[in-house]
Amino acid sequence: ETGVTQSPTHLIKTRGQQVTLRCSSQSGHNTVSWYQQALGQGPQFIFQYYREEENGRGNFPPRFSGLQFPNYSSELNVNALELDDSALYLCASSFELAGGRSYNEQFFGPGTRLTVL
Amino acid sequence: DQQVKQNSPSLSVQEGRISILNCDYTNSMFDYFLWYKKYPAEGPTFLISISSIKDKNEDGRFTVFLNKSAKHLSLHIVPSQPGDSAVYFCAASTKAAGNKLTFGGGTRVLVKP
Numbered sequence: 001e002t003g004v005t006q007s008p009t010h011l012i013k014t015r016g017q018q019v020t021l022r023c024s025s026q027s028g029h030n031t032v033s034w035y036q037q038a039l040g041q042g043p044q045f046i047f048q049y050y051r052e053e054e055n056g057r058g059n060f061p062p063r064f065s066g067l068q069f070p071n072y073s074s075e076l077n078v079n080a081l082e083l084d085d086s087a088l089y090l091c092a093s094s095f096e097l098a099g100g101r102s103y104n105e106q107f108f109g110p111g112t113r114l115t116v117l
Numbered sequence: 001d002q003q004v005k006q007n008s009p010s011l012s013v014q015e016g017r018i019s020i021l022n023c024d025y026t027n028s029m030f031d032y033f034l035w036y037k038k039y040p041a042e043g044p045t046f047l048i049s050i051s052s053i054k055d056k057n058e059d060g061r062f063t064v065f066l067n068k069s070a071k072h073l074s075l076h077i078v079p080s081q082p083g084d085s086a087v088y089f090c091a092a093s094t095k096a097a098g099n100k101l102t103f104g105g106g107t108r109v110l111v112k113p
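So the protein sequences, as listed, match chains X and H.
Take the first sequence: its position 34, counting from 1, is numbered 34 in this note's numbering, and each next residue is one higher.
Take the second sequence: its position 45, counting from 1, is numbered 45 in this note's numbering, and each next residue is one higher.
Among the hints, a few may not be true.
[Unchecked claim] Chain X regions said to be covered by chain H (calculated; three or more residues, Cβ under 8 Å):
(1) 38-48
(2) 89-95
(3) 105-116
[Said to hold, decoys possible] With the C-beta cut set under 7 Å, the calculated list includes, among others, these residues of chain H facing chain X:
(4) Tyr32
(5) Glu42
(6) Gly43
(7) Pro44
(8) Phe46
(9) Phe89
(10) Asn99
(11) Lys100
(12) Phe103
(13) Gly104
(14) Gly105
(15) Gly106
Simulated from the structure, these hints should not be mistaken for laboratory data.
Glycine residues also receive a C-beta, built at the ideal position from the N, C-alpha and C atoms.
Make a model of the complete structure from these sequences and hints.
Have a look at this one:
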């Protein structure tokens, strides 16, 4: 059974650029959540996708957007990068029965470290 | 507005002794609490959870205690082992949010041999 994988591992961008981060969910999972972890802080919920539709969003501006594909892999896109977007971006997958309103265990990927200069 | 707080950024403990990690929350709607452990260059891994209808949950060396009136939970690790050295995150959720988690800032634990 393959776990959650993320690519790339590290990324350096400059202010104003756009970035796409990718996540492959664990086999059998249909829900992906994205989190941003700034240095020295805990992960902060960005949004969740359940069966290809957004299923909840945290306090992040619209320049953070996402997609989930039919194979349940996911992308996180960030436009107009700012210095404060520098962080570790984590994705987590789980299996949900009805819209993600459960406490099923989430499995996290190792993250993508984004540096914005 | 930090709804989940871990006030101790770090903790050092001798191998074999007890590690106690604390977590406070402000949102009274939280009804499910989790602890995650994170090693460098790895994603967080689930450790143990507790529902608000309980005040204690135990799994091997790990026990979580919940005090709803104080909006406080703690994780006890007994006995602590060097492999327990990691960053520990407390997280919480509500019935409506499901597993969209609110995390604390983490506590770095160092277990000395």
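A quick look at each hint next to the structure:
1. Judged by the Cβ-Cβ criterion of 8 Å, the segment 38-48 of chain X is covered by chain H as claimed, because 7 of its residues qualify and three suffice.
2. As drawn, the segment 89-95 of chain X meets chain H at 3 residues by the rule of a beta-carbon pair under 8 Å; at three or more, the given contact holds.
3. Using a Cβ-Cβ cut-off of 8 Å, 7 residues of the segment 105-116 of chain X lie near chain H, which meets the minimum of three, so the contact claim holds.
4. Here the hint on Tyr32 (chain H) is kept, as its CB sits about 5 Å from the closest CB of chain X, short of 7 Å.
5. Evaluation of the Glu42 (chain H) hint against chain X yields a held restraint, the C-beta minimum of about 5 Å falling below 7 Å.
6. The criterion of a C-beta within 7 Å of any C-beta in chain X is met by Gly43 (chain H), whose closest approach is roughly 3 Å, and the hint holds.
7. Below 7 Å, beta-carbon pairs count as interface contacts, and Pro44 (chain H) has one with chain X at about 5 Å; its hint therefore holds.
8. At a threshold of 7 Å, the smallest CB-CB gap from Phe46 (chain H) to chain X is about 5 Å, leaving the interface hint in force.
9. Below 7 Å, beta-carbon pairs count as interface contacts, and Phe89 (chain H) has one with chain X at about 5 Å; its hint therefore holds.
10. With its C-beta approaching chain X no nearer than about 6 Å, Asn99 (chain H) sits inside the 7 Å limit, and its interface hint holds.
11. A distance limit of 7 Å between C-beta atoms decides the matter here; for Lys100 (chain H) the minimum to chain X is near 5 Å, and the interface restraint holds.
12. Using the Cβ-Cβ criterion of 7 Å, the hint placing Phe103 (chain H) at the interface with chain X is satisfied: the shortest such distance is roughly 3 Å.
13. Interface hint at Gly104 (chain H): satisfied, since its Cβ lies 5 Å from the closest Cβ of chain X, which is below the 7 Å cut-off.
14. The closest approach between the C-beta of Gly105 (chain H) and any C-beta of chain X is roughly 5 Å, which is under the 7 Å cut-off, so the hint is satisfied.
15. Interface hint at Gly106 (chain H): satisfied, since its Cβ lies 5 Å from the closest Cβ of chain X, which is below the 7 Å cut-off.
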